[in-house]
Amino acid sequence: MNCASARNRLLNSPDPGVVPDSVAGHVAGCPSCQAWHRLLVQVDQAVATAPVPVSAGRTKRRLVELFRTGRTPGESEHGIVTVPSTVVLPARTGLRDRVSRYWPIGLVAAALLVGAIAWITLGGKQDHAAVAQLPPDPFLKKVVAAKVRIDTADSAAERMRAWADLADDLREQARELSRMTPGEETESMESLAKLYEQAVGEDALVGQAQLLADDERAALLAKFAERLADAEQNAKRLLAEGVSPGSERPLKRIAKAAEASKNKLANLQRGRA
Amino acid sequence: MSPEVNHPGDEADLVRSAQVGDRPAFSVLVERYWDRLYRWLCRLTRDPAAAEDITQETFLKAFAAVNSFRPGSNFRAWLFRIAHNNFVNQRRAVRHNRHPLVPEVAEDPRGPVGDALSHEALRLIAEAVAKLPSDFRGALTLRVEEGLSFRDIADVTGTTEETARWRVFKARQKLMAVLAPELLPAIPNEPTS
Numbered sequence: 001m002n003c004a005s006a007r008n009r010l011l012n013s014p015d016p017g018v019v020p021d022s023v024a025g026h027v028a029g030c031p032s033c034q035a036w037h038r039l040l041v042q043v044d045q046a047v048a049t050a051p052v053p054v055s056a057g058r059t060k061r062r063l064v065e066l067f068r069t070g071r072t073p074g075e076s077e078h079g080i081v082t083v084p085s086t087v088v089l090p091a092r093t094g095l096r097d098r099v100s101r102y103w104p105i106g107l108v109a110a111a112l113l114v115g116a117i118a119w120i121t122l123g124g125k126q127d128h129a130a131v132a133q134l135p136p137d138p139f140l141k142k143v144v145a146a147k148v149r150i151d152t153a154d155s156a157a158e159r160m161r162a163w164a165d166l167a168d169d170l171r172e173q174a175r176e177l178s179r180m181t182p183g184e185e186t187e188s189m190e191s192l193a194k195l196y197e198q199a200v201g202e203d204a205l206v207g208q209a210q211l212l213a214d215d216e217r218a219a220l221l222a223k224f225a226e227r228l229a230d231a232e233q234n235a236k237r238l239l240a241e242g243v244s245p246g247s248e249r250p251l252k253r254i255a256k257a258a259e260a261s262k263n264k265l266a267n268l269q270r271g272r273a
Numbered sequence: 001m002s003p004e005v006n007h008p009g010d011e012a013d014l015v016r017s018a019q020v021g022d023r024p025a026f027s028v029l030v031e032r033y034w035d036r037l038y039r040w041l042c043r044l045t046r047d048p049a050a051a052e053d054i055t056q057e058t059f060l061k062a063f064a065a066v067n068s069f070r071p072g073s074n075f076r077a078w079l080f081r082i083a084h085n086n087f088v089n090q091r092r093a094v095r096h097n098r099h100p101l102v103p104e105v106a107e108d109p110r111g112p113v114g115d116a117l118s119h120e121a122l123r124l125i126a127e128a129v130a131k132l133p134s135d136f137r138g139a140l141t142l143r144v145e146e147g148l149s150f151r152d153i154a155d156v157t158g159t160t161e162e163t164a165r166w167r168v169f170k171a172r173q174k175l176m177a178v179l180a181p182e183l184l185p186a187i188p189n190e191p192t193s
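From first to last, the protein sequence lines stand for chains A and B.
Letter 254 of the first sequence, counting from 1, is numbered 254 in our numbering, and no numbers are missing.
Letter 182 of the second sequence, counting from 1, is numbered 182 in our numbering, and no numbers are missing.
Only chain A is shown next, with the shape it has when bound in the complex (with noise of 0.2 angstroms):
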């Protein structure tokens, strides 16, 4: 045995600290491999040990108390509040940096845009009871729930599913929207074409793709790729309709992100990353 196939069988060991039987003649009689073991031990305990820098703990303390009795430190018996499922404490830092440090807020924020405009649009539309009517806001739930499947999933096809799920959902929505009063939509169909452009692509359904097992990919892609085809024929179908200037370009978006994930699938399927 050389050097570099028993470092690189020290490297393989879940602890290195402990020296596989079938490379411990050679380290034995290695004095560099002895001291290139020593200095992977040393390494991997101070990777373990390196100190972090030091919170100040209010973040905790607020969070383990809000848990304990419903209420955040210095805050009066009065003001009790629950501990919902979509329970958000007050950030450290403003809403516009959280908004854009964490995509799925910002689709929340986008979300709330779409269901406000859908709202003030047919709200025009419509008399007093059949805008009394309307759901609170379906979408928002939706989102909502994704962002909960998705950062809960146990495994990529999961995931897939549920990116897959809100695109279906993205679009649908922007379906709805552009058939709304032209002029009214326009910033919420290009809110909702980027989503669907995040929600389709390297960093979400197509990246869960990729990591993905072969069986898997042999069981998945086919039916993910299909969903994609649809949503592509869709947009486009909508487009050769006619649809408000505002919503062409985001549905041309939703179509060619549709279309060059599908491509992507379709490659990955064929074995080609």
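No wet-lab data here; the hints were simulated from the structure.
Cβ coordinates follow ideal geometry from the N, Cα and C atoms, glycine included.
Careful, some of the hints might be misleading.
Cβ pair distances, simulated, as ranges [unchecked claim]:
1. 35/B x 239/A: 51 to 57 angstroms
2. 162/B x 263/A: 25 to 31 angstroms
3. 21/B x 245/A: 49 to 55 angstroms
Covered stretches of chain B (chain A as the covering partner; in silico rule of three or more C-beta atoms under 8 angstroms from a C-beta of chain A) [claimed, not checked]:
4. 10-16
5. 49-60
6. 76-88
7. 136-149
Pairs of lysine-lysine, DSBU-like flavour, derived with a Cα cap of 35 angstroms [unchecked claim]:
8. 223/A x 170/B
9. 141/A x 256/A
10. 194/A x 252/A
11. 142/A x 252/A
12. 131/B x 194/A
13. 60/A x 131/B
14. 256/A x 223/A
15. 60/A x 142/A
16. 60/A x 170/B
17. 236/A x 142/A
Once you have looked at the hints, place chain B on chain A.
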């Protein structure tokens, strides 16, 4: 490896209680895992503020989804998986300023490692770790700091066990490729006998 000792039975009780809405029980889990999660996220993000935000978000999501946790599986790995997903989402969204952890490492070499390695060596190690791709850095720290098995690392990071093992291997290999020439300059490369 982490010196902390878990009490699996106790933890299972706490999780069960949280699953029926017992928030104080969940607060015990927050206290138990906050620091470990924060440390790991600090290493991943290299940004303490982001690490703290993601830690908080992780616990909120974990509570929201605690009913989906399967009794008998590894709660710590489940929690770290949520944190990892949050980290991945956050990383996608932004390229924010990073604060290298190097100075603190250089100033605070405590314990047997600090005794065995010079300040300079620790600084080099910290720099090399900081330059690792985050996937490698995350897997390595889950292994050496949290003591997770490759199977659990795979669960946390949404990969296969083989990929988890490979990432730890590559992380160590990259570190040694940088550090060995610096810290072992005079030793010949082949056996003397």
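Status of the hints after comparison with the structure:
1. Distance hint check: the CB atoms of residue 35/B and residue 239/A are about 53 angstroms apart, consistent with the given range 51 to 57 angstroms.
2. In this structure the supplied range 25 to 31 angstroms holds for residue 162/B paired with residue 263/A, their Cβ-Cβ distance being about 28 angstroms.
3. For residue 21/B and residue 245/A, the Cβ-Cβ distance of about 51 angstroms falls inside the hinted range of 49 to 55 angstroms, so the restraint holds.
4. As drawn, the segment 10-16 of chain B meets chain A at 0 residues by the rule of a beta-carbon pair under 8 angstroms; below three, the given contact is violated.
5. Residue count for the segment 49-60 of chain B with a Cβ under 8 angstroms from a Cβ of chain A: 10. That meets the three needed, and the coverage hint holds.
6. Only when three residues or more bring their CB closer than 8 angstroms to a CB of chain A does the claim for the segment 76-88 of chain B stand; here the count is 5, and the claim holds.
7. For the segment 136-149 of chain B, the proposed coverage by chain A is satisfied: 6 residues have a C-beta within less than 8 angstroms of a C-beta in that chain, meeting the threshold of three.
8. About 34 angstroms separates the Cα atoms of residue 223/A and residue 170/B, which keeps this hinted pair within 35 angstroms; it holds.
9. Between the alpha carbons of residue 141/A and residue 256/A the distance comes to roughly 27 angstroms, so the proposed pair stays at or under 35 angstroms and holds.
10. A threshold of 35 angstroms between alpha carbons decides the hint, and for residue 194/A with residue 252/A the separation of about 11 angstroms falls inside it, so the pair holds.
11. Proposed proximity of residue 142/A and residue 252/A is supported: the alpha carbons are some 24 angstroms apart, at most 35 angstroms.
12. Between the alpha carbons of residue 131/B and residue 194/A the distance comes to roughly 31 angstroms, so the proposed pair stays at or under 35 angstroms and holds.
13. A distance of roughly 29 angstroms separates the Cα atoms of residue 60/A and residue 131/B; the hinted pair therefore holds under the 35 angstroms criterion.
14. Proximity of residue 256/A to residue 223/A is assessed by CA-CA distance (about 19 angstroms); at most 35 angstroms being required, the pair is judged to hold.
15. At most 35 angstroms may separate the alpha-carbon atoms for a hinted pair to count; residue 60/A and residue 142/A meet this at roughly 29 angstroms.
16. As the CA atoms of residue 60/A and residue 170/B are separated by approximately 34 angstroms, the hinted pair is consistent with the 35 angstroms bound.
17. Our distance criterion of 35 angstroms between C-alpha atoms is met by residue 236/A and residue 142/A, whose separation comes to about 25 angstroms.
Of the numbered hints listed earlier, the single one contradicted by the structure is hint 4.
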